[in-house]
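Let the sequences and hints guide you as you build the complete structure.
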Amino acid sequence: MAVQRNLASTLLCVVLASLSLTACDQLRDKLASVIGSKSPEETLVSVRGKIENGQYKEAKAEAEPYVNKPGPRQAEFALAAAQACGNLGEISLVVDYLAIALKAGAVNSDALMVDRNFESIRTDIRFVSLLTGQSSTTSAGNATATATQAAPSAPAAKTAEPATAIRMDSQAIEVKAGSISIKLPN
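Mapping to the numbering used here: the sequence shown position 148 is 183, numbers consecutive.
Hints may be right or wrong, so weigh each one.
Said to hold, decoys possible - Now the in silico label distances, taken between C-beta atoms and shown as ranges: (1) ALA207 - SER127: 22 to 32 angstroms; (2) GLY84 - PRO107: 13 to 23 angstroms; (3) ALA207 - ALA96: 35 to 45 angstroms; (4) GLU87 - LYS218: 27 to 37 angstroms; (5) ALA146 - GLY124: 19 to 29 angstroms; (6) GLY106 - GLY213: 23 to 33 angstroms; (7) GLN206 - GLY84: 43 to 53 angstroms.
Worth flagging that the hints you see were computed from the coordinates, not collected in a lab. Glycine included, every Cβ here is placed at the ideal spot set by N, Cα and C.
Below you can see the structure in the form of structure tokens.
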């Protein structure tokens with residue numbers, strides 16, 4: 036009987052010790068994540084991984100502190116935060132973050148039009164305005180966005196089209212970025 040009690044006590048101690056060690060591991064990991072700072076490069080890899088895995092809120096929270104810190108990776112963090120916000124449907128933040136990324140040259144408007152992270156907001160006027168207000172990369176180097184509100188006129192001589200453009204008439208609004216074209220009825 037005494038042997039059974041000792042065995043039960045020993046077994047109970049082993050179980051409690053293993054539970055406390057597991058809890059210690061979890062606490063240690065949490066403490067390490069709070070105290071141990073990652074390099075910006077490691078953080079950017081982590082943010083991109085979270086976006087790929089659909090953890091958009093976590094990616095946004097991890098990227099945002101770096102968006103407002105001037106530095107060599109600021110534009111990349113701004114783009115990553117914009118991608119996370121694009122998936123969350125937070126259009127105002129997408130536009131704010133993309134403005135930073137575009138200004139720094141981290142991405143061009145043609146690439147943004149085909150980025151799957153912006154599918155849900157691709158036709159939003161704020162997103163389209165931001166992209167068409169930027170220069171786009173072409174073989175000539177400096178194509179500019181154009182916007183006209185006049186009714187269609189007689190066909191003009193064939194000229195090189197800019198890589199990014201908006202055309203509005205009484206029937207529709209057409210937005211082009213590279214080989215992507217979106218036409219919305221008026």
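Taking the hints in turn, this is what the structure says about them:
| no. | hint | result |
| --- | --- | --- |
| 1 | ALA207 - SER127: 22 to 32 angstroms | 26 angstroms, holds |
| 2 | GLY84 - PRO107: 13 to 23 angstroms | 20 angstroms, holds |
| 3 | ALA207 - ALA96: 35 to 45 angstroms | 40 angstroms, holds |
| 4 | GLU87 - LYS218: 27 to 37 angstroms | 31 angstroms, holds |
| 5 | ALA146 - GLY124: 19 to 29 angstroms | 21 angstroms, holds |
| 6 | GLY106 - GLY213: 23 to 33 angstroms | 30 angstroms, holds |
| 7 | GLN206 - GLY84: 43 to 53 angstroms | 45 angstroms, holds |
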